[in-house]
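What follows is each chain in one-letter form.
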Amino acid sequence: MNVESESVLEIKHLSVSVGDREILRGIDLNIRIGETHVLFGPNGSGKTTLLMAIIGSPKYQVTQGSIIFKGRNIVGLPIDERARLGIGMSLQRPPVIRGVKTRDIVAACVREQAKEEYITRLAERANLADFLDRDVNYGFSGGEIKRSELLQLLAQDPELALLDEPESGVDLENIALIGQLINELLHKEHPMRQRKHAGLIITHTGHILDYVNARTGYVLLDGRLICEGDPREILETIKSKGYRECWKCAG
Amino acid sequence: MRRLNPERTAKDKAAAAASKPAAFGEDIDLDQYIHDSDESPYQAEPSQLPAETKRQMLQVGVTFDDPSQRSGTIVQIDHSTIHSLSTQQGIEVMSTRQALEEYDWLSDYLWKAVAVDVDKYAAHVELGQSNGYFIRALPGSKSIYPVQACLYLSKARLAQKVHNIIIAEEGSELHIITGCTTALKGEPGLHIGVSEFYIKRGAVVSFTMIHSWAPEVAVRPRTGIIIEEEGVFLSNYVIMRPVQSLQMYPVARCVGANAAVRFNSIIAASPSSNMDVGSKVLLNAKGARTEIITRAITTGGNIIARGYIEGNVPDVKGHLECRGLILGDKGMIYAIPELKGTLAGVDLSHEAAVGKIAEEEIEYLMMRGLTREEATATIVRGFLRVDIEGLPAELNLELQRAIEMSEKDLM
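Heads up: the sequence lines are chains A and B, in that order. Under the numbering used here, read the first sequence as residues 1 to 251, first letter to last. Under the numbering used here, read the second sequence as residues 1001 to 1411, first letter to last.
If we strip away everything but chain A, and leave its shape as in the complex, we get (with noise of 0.2 angstroms):
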């Protein structure tokens, strides 16, 4: 095995529209298995569109480049394609479904028969086993829908988990327990070279780098990739600095 494993996920060259409207410009972006990366950028920068794009959502078209999974090119394929491939995605406003319960869908998400006790389990360690019988994301504040995501994620146990903003919303007692639940996801209890999940978060504040270690951050503006370094000064001068130094990089 080489001192860099190999990619989980390769985007080369990749531009997505929305319509008629060209959000993502030419991205190329590397993360290798057991690696966890992060993105940054001012509201409306794109970062949900690449994210949604790797997950496959049909109205975001992509118009050039490819996003190769595991060594293969997987634009084009149906969501649920991909996500049985071993991609999973937490949402920052996943919708309501009246009547389909917490328990139905993490049910979904373990596949294979679950058993009730796992589930119950599971939900225990996101705080969330009086949530199983209530109708998904109905009446959730919150930080219970951020931790409903993780645990329907920590059910369908993905090789590359993509978090869209998971601290978004979450008051302080409760980001703990999300930085660990995504620190379980991550498998982050293992060495590095261990590790077989891969992240990519999405993080507005930043404040979930207090509680989850990453190895690259991003930035994106205005659909480009404008740098790429360590996340933690990046966070810093962003907050030093705010986006303002982001656009003189730019150019």
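Hints listed in this document are in silico derivations from the structure and should not be mistaken for laboratory results. Treat the hints with caution; some may be incorrect.
What the hints assert, rightly or not - In silico lysine to aspartate or glutamate, EDC-like type, Cα no more than 16 angstroms apart, as pairs:
no., chain 1, residue 1, chain 2, residue 2
1, B, K1317, B, E1230
2, A, K59, B, E1360
3, B, K1317, B, E1291
4, B, K1155, B, E1230
5, A, K59, B, E1359
Got chain A sorted already, so can you dock chain B onto it with the hints?
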């Protein structure tokens, strides 16, 4: 005591209304149907019925395998009551014909909750051959298990006419499951069912009705419910199989303080089904309250989903909720929620939504690995899952089972 100037009899009124069309629904030519049927023999053991008949009855919640789960059974084929039995003290179950012979006083209950001259369908139940069931819970009697009633249409071209009387005496609790189905395949038939409910002071009645007809069968139920003080009436109605034409609009009148009514309806129309279904509640006593909840799905048929709540005294509360789901490119759902308040102090509200499944919901489930078809089925199953309060757990389970059985055909 006979009055010197008796009012016009029910027969007179019915005769005058014999060709009066209904307020809603396609007008059905009654002359194209046969109005009388031969008597079928009594069955002491309904479990001996033909397997296919039993299977159809089971689909609408009528079972003969485990009598311990029922507090009574009555089965009517065409116009013959082929079996009736009460297995619980305090509950009477018999045919309407027999009940009228046994109880002189019963005539006082005829055509009081439903007007005999409301339209020609009700009128013909009075004028022609008919039967039906009489179910009565004696004062204070409480049953956990439901009485099951089956109305079965077997003769081609028959207009099956039914007149049911249900009385829950003071402080009683009564659960009824009614399954209506038919043996007809490719032949026309008509079912006219008059049901009159009398919920006395403090009584609780749940009435779960499952319909499973056929594409050539027309159905015209006529239902009235009178609820006295502190009485509760809980109706659950499910129709998920094809029907040529269905029109019903049960009317519940809350006449006693704090009377409560809840109508839950689950309606699914496959192509060529026409359904005009609604519930009407008149809140005529202080503290009366109601909730009307409808879930309608079309896979190509037409549904008119009506709801009407009227508040005529202060401190009444009513809510109407109708959600319609259009699956596919054909079919129609027309939701007509109506509220009428005649003075300050009534609290009436409604919400209605008709549309297709949100793509966002399908994609969300697909992100969890479900195929598009699995995601759609999961959402539809959730849509049809109405949490029903006040129904015994067993009955609730049976209802969910009946819905799930039909879901497969629907999808």
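Status of the hints after comparison with the structure:
1. B:K1317 <-> B:E1230: Given pair K1317 (chain B), E1230 (chain B) holds - Cα atoms ~14 angstroms apart, limit 16 angstroms.
2. A:K59 <-> B:E1360: 10 angstroms, holds
3. B:K1317 <-> B:E1291: 9 angstroms, holds
4. B:K1155 <-> B:E1230: 42 angstroms, violated
5. A:K59 <-> B:E1359: Within the cut-off at roughly 10 angstroms; holds.
Hint check: a violation occurs at hint 4 only; the rest are consistent with the structure.
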